[in-house]
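Note that the protein sequences, when read in sequence, are chains R and H. Under our numbering, the letters of the first sequence match residues 7 to 448, in that order. Under our numbering, the letters of the second sequence match residues 7 to 448, in that order.
Hints may be right or wrong, so weigh each one.
As the list makes no split between identical chains, a pair holds if one copy fits it or if it spans any two.
Stated by the list, open to error - List time: in silico BS3-like cross-link candidates among lysine-lysine, alpha-carbon distance up to 30 Å:
#1 LYS10 to LYS389
#2 LYS408 to LYS357
#3 LYS420 to LYS354
#4 LYS329 to LYS10
#5 LYS420 to LYS397
#6 LYS430 to LYS250
#7 LYS330 to LYS397
In case anyone wonders, no lab produced these hints; they're calculated from the structure.
2 protein chains.
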Amino acid sequence: MSQKPNILTPSGFPEFTPAQERVAQDWLNVIRDVFEKYGFMPITTPLVEREDNLVAKGGNPKEIYVLKRLLDEDGDRSHSGNAVRFDHTVPLALYVARHLSEISFPFRRYVIGPVMRGERAQKGRYRQFDQCDIDVIGSEKLSFLNDAQMPVIIAEIFEQLNIGDFIVRINNRKILKGLLALVGIAEIDAKKYLDIVDDLEKIGEKKVSDLLGKEGLSSDAIAKILAFCELKGDPDSILQTLEKDYLDVELLQEGVTELRQVIEGVRALGLAEDRFKIDLSIARGLDYYTGTVFETHLVGYESLGSICSGGRYEDLAQIFTGKKLPGVGISMGFTRLLHQLFDAGILKAEKSSPSDILVIATEPELLPEALKLASELRSAGNKVENYVEVKKLAKQFDYANKLGIGTCVVIGPKEMGKGTVIVKNMETGEQAEVERKDIRLQ
Amino acid sequence: MSQKPNILTPSGFPEFTPAQERVAQDWLNVIRDVFEKYGFMPITTPLVEREDNLVAKGGNPKEIYVLKRLLDEDGDRSHSGNAVRFDHTVPLALYVARHLSEISFPFRRYVIGPVMRGERAQKGRYRQFDQCDIDVIGSEKLSFLNDAQMPVIIAEIFEQLNIGDFIVRINNRKILKGLLALVGIAEIDAKKYLDIVDDLEKIGEKKVSDLLGKEGLSSDAIAKILAFCELKGDPDSILQTLEKDYLDVELLQEGVTELRQVIEGVRALGLAEDRFKIDLSIARGLDYYTGTVFETHLVGYESLGSICSGGRYEDLAQIFTGKKLPGVGISMGFTRLLHQLFDAGILKAEKSSPSDILVIATEPELLPEALKLASELRSAGNKVENYVEVKKLAKQFDYANKLGIGTCVVIGPKEMGKGTVIVKNMETGEQAEVERKDIRLQ
Numbered sequence: 007m008s009q010k011p012n013i014l015t016p017s018g019f020p021e022f023t024p025a026q027e028r029v030a031q032d033w034l035n036v037i038r039d040v041f042e043k044y045g046f047m048p049i050t051t052p053l054v055e056r057e058d059n060l061v062a063k064g065g066n067p068k069e070i071y072v073l074k075r076l077l078d079e080d081g082d083r084s085h086s087g088n089a090v091r092f093d094h095t096v097p098l099a100l101y102v103a104r105h106l107s108e109i110s111f112p113f114r115r116y117v118i119g120p121v122m123r124g125e126r127a128q129k130g131r132y133r134q135f136d137q138c139d140i141d142v143i144g145s146e147k148l149s150f151l152n153d154a155q156m157p158v159i160i161a162e163i164f165e166q167l168n169i170g171d172f173i174v175r176i177n178n179r180k181i182l183k184g185l186l187a188l189v190g191i192a193e194i195d196a197k198k199y200l201d202i203v204d205d206l207e208k209i210g211e212k213k214v215s216d217l218l219g220k221e222g223l224s225s226d227a228i229a230k231i232l233a234f235c236e237l238k239g240d241p242d243s244i245l246q247t248l249e250k251d252y253l254d255v256e257l258l259q260e261g262v263t264e265l266r267q268v269i270e271g272v273r274a275l276g277l278a279e280d281r282f283k284i285d286l287s288i289a290r291g292l293d294y295y296t297g298t299v300f301e302t303h304l305v306g307y308e309s310l311g312s313i314c315s316g317g318r319y320e321d322l323a324q325i326f327t328g329k330k331l332p333g334v335g336i337s338m339g340f341t342r343l344l345h346q347l348f349d350a351g352i353l354k355a356e357k358s359s360p361s362d363i364l365v366i367a368t369e370p371e372l373l374p375e376a377l378k379l380a381s382e383l384r385s386a387g388n389k390v391e392n393y394v395e396v397k398k399l400a401k402q403f404d405y406a407n408k409l410g411i412g413t414c415v416v417i418g419p420k421e422m423g424k425g426t427v428i429v430k431n432m433e434t435g436e437q438a439e440v441e442r443k444d445i446r447l448q
Numbered sequence: 007m008s009q010k011p012n013i014l015t016p017s018g019f020p021e022f023t024p025a026q027e028r029v030a031q032d033w034l035n036v037i038r039d040v041f042e043k044y045g046f047m048p049i050t051t052p053l054v055e056r057e058d059n060l061v062a063k064g065g066n067p068k069e070i071y072v073l074k075r076l077l078d079e080d081g082d083r084s085h086s087g088n089a090v091r092f093d094h095t096v097p098l099a100l101y102v103a104r105h106l107s108e109i110s111f112p113f114r115r116y117v118i119g120p121v122m123r124g125e126r127a128q129k130g131r132y133r134q135f136d137q138c139d140i141d142v143i144g145s146e147k148l149s150f151l152n153d154a155q156m157p158v159i160i161a162e163i164f165e166q167l168n169i170g171d172f173i174v175r176i177n178n179r180k181i182l183k184g185l186l187a188l189v190g191i192a193e194i195d196a197k198k199y200l201d202i203v204d205d206l207e208k209i210g211e212k213k214v215s216d217l218l219g220k221e222g223l224s225s226d227a228i229a230k231i232l233a234f235c236e237l238k239g240d241p242d243s244i245l246q247t248l249e250k251d252y253l254d255v256e257l258l259q260e261g262v263t264e265l266r267q268v269i270e271g272v273r274a275l276g277l278a279e280d281r282f283k284i285d286l287s288i289a290r291g292l293d294y295y296t297g298t299v300f301e302t303h304l305v306g307y308e309s310l311g312s313i314c315s316g317g318r319y320e321d322l323a324q325i326f327t328g329k330k331l332p333g334v335g336i337s338m339g340f341t342r343l344l345h346q347l348f349d350a351g352i353l354k355a356e357k358s359s360p361s362d363i364l365v366i367a368t369e370p371e372l373l374p375e376a377l378k379l380a381s382e383l384r385s386a387g388n389k390v391e392n393y394v395e396v397k398k399l400a401k402q403f404d405y406a407n408k409l410g411i412g413t414c415v416v417i418g419p420k421e422m423g424k425g426t427v428i429v430k431n432m433e434t435g436e437q438a439e440v441e442r443k444d445i446r447l448q
């Protein structure tokens, strides 16, 4: 390697700046805390599973990364046939299959970690990204009140993250499917129409109408579908209308019954009425959702798409376990979302250090004392860094400013004699001499 | 896939049980908190880097995993030439090179995350494992007081983790190298002797002596080396002996001067005297350490080897940056250590749920009220789970027991009318009727 090495990250493998990473860690703390507050247990599966299992559960071979050793002349076959997970759902299915006898159902797990997809490199599409998932898996049956917890958890996370107004949209795919049956579409064909309807928000009514027409739907059927998706209002009036106007559509009424339970649960859990709504048009692209579906949109930034989505599925892992395991879950595309929010200016990354305080000595001889002082400040609950290089004071303040450390505590020979220190507020520039034993910041 | 799928994790890719994972998460919280308390900022680099860069910084091509798509017929070359990181040091070097203009030195970062090595599968050797690293990188120079922080951080972590008595051993490779020069070994040959000496604890004096003999050392030289490594006592007496007895060995005295500064810093930071010692025999295998080196041993479990190690290196990233960037860091092999501690019975995994409380309704009609109650308990700061499936009470208590949830709060029709609930301590089996508004647990 005599030429200059290419030090850039590989295409599709992004990284945050230090200040962005600081925000990311704060987010992860919030997400983890909320997940645990609702009793979800952390499960970390390996990054790598057997490639057969990933393909069996719907992985796209063009996007699945397999592992090979750079040099594998020794013929060790145990390295072959392994591939990197592309989501957290297949690994969850495998985990449940592996630990079936140890698991108490309903199994409530969360996972936060990277997945990889060998997609075409383009803006906003990453080949490695973190996903934050929670799922509840039942054995044979699973109460719809589990579904009801999901919007509440979503809301608690985004309220704590304080990124502005948002709304969780709730639907049940059985309602849409029932409607499709009503306008003469067989359930087996429903997926392609659901996918089209799912884009309503993104591409608009006109385009959805055109696409449905191209698929051979009559204009009457299209009008019925669109009118249905436009059903608006508070949850109760939507549910009442559905019960009244579509009384004899069995699948649809099944969906309405489930949705009503979810809405009641959401309310029992105390979610504010302006944080959720029924949106009959959402279907979610993934074809394994069978009932409840969720999307979350930032008000005023709907073009970002859903920032947290999920739903209910009837079968997590039958091919691995031979058992019926229904589940409900949500997933947040953490890496993508953060990059979107930074790009849109909704999130700002300003501070890169976790430190509350930088401790500075004016003379090298005082550095041991500065270390002692830092220990005292840490014992008092602060996050504290020492500047131990021999540099001019101005350079040291500059360092604190660049890292966003709000306070410098300076120890010099004069102060040393008096048992005091100088406390400098880096935002205002104000400084004060304080008794060392009295420093209690913030 | 008509035959039964193999659901096991690929060889070398371990996973924890739910209860072990609970312990792992608690550990990660402690480690993260201590790193941040000392002002280290989190940096997460991609799992994947360009394979040329990994090889250039000493990666073993037999152990480096490269990524290939399972199906790559489309000729998209952007997927080629990428490999999974095998440690956190090379990615750190690349990160520093990529962000050189944005970074304020000294650069203090921590990272917690997986790396992969395509090693032979065997017990205790994993192909994917988490490492927790901190490093301080200086520009041109870096104070030895940075080295002094490392044992203090190690001690704070293991004290909080409460796994028993431990000791951080500190040495400086220049002292050993100086001695080797004294007994007639050129610095260029020093590495192989250092590696032998480094195994002193593991293989014993006799074997080390034999191995050194095989390398052609005279028995006089071997005796000198072993006597030296046996120099014991408190740090001050060791330093004094070294200064007195080896006065004219320049490199050795350079090491002593550095080590003295590190010991003074460790003391200024308040580390208890029984938590660290000078151990002249440790060298650390990796050949990039140039000065201070650290190891940490669990007292009574020395056979586990070092549970947290590190040291100082003169050159992090010159091949990527063209600049001299000295650093000092420590690394904990998290996954391996936890598995070792579980296996040795030092760590116990008993509780798999984070929940403090399981809320139970005796009748399905009371489930909405149980959801409300759970929300109240969460607002009061508890981690709370609802049991919302329709099952017998005994089954629900059983669920709490299996997951290690310490308290069940039960709401029934009688209590409902009186505004009370039943609080059951799952450890003692005791239960009491409590005013709902008065539930304040723990």
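Hint-by-hint comparison with the structure:
Proximity of LYS10 and LYS389 under a CA criterion of 30 Å is satisfied in neither setting, with 39 Å inside one chain copy and 53 Å between copies. Taking CA atoms no more than 30 Å apart as the test, LYS408 paired with LYS357 passes inside one copy only; the shortest distance there is 8 Å, against 43 Å between copies. Taking the shortest Cα distances, LYS420 and LYS354 never come within 30 Å of each other, neither inside one copy (40 Å) nor across copies (53 Å). In the homo-oligomer, the alpha carbons of LYS329 and LYS10 lie at most 30 Å apart only across protomers (14 Å), although the nearest pairing inside one protomer, at 56 Å, exceeds that limit.
For the homomeric pair LYS420 and LYS397, the shortest alpha-carbon distance inside one copy (19 Å) is at most 30 Å, but the shortest distance between copies (72 Å) is not. In the homo-oligomer, the alpha carbons of LYS430 and LYS250 never lie at most 30 Å apart, since the shortest distance is 68 Å inside one protomer and 45 Å across protomers. Taking CA atoms no more than 30 Å apart as the test, LYS330 paired with LYS397 passes between copies only; the shortest distance there is 18 Å, against 66 Å inside one copy.
Hint compliance for this structure: hints 1, 3, 6 are not met, and every other hint is.
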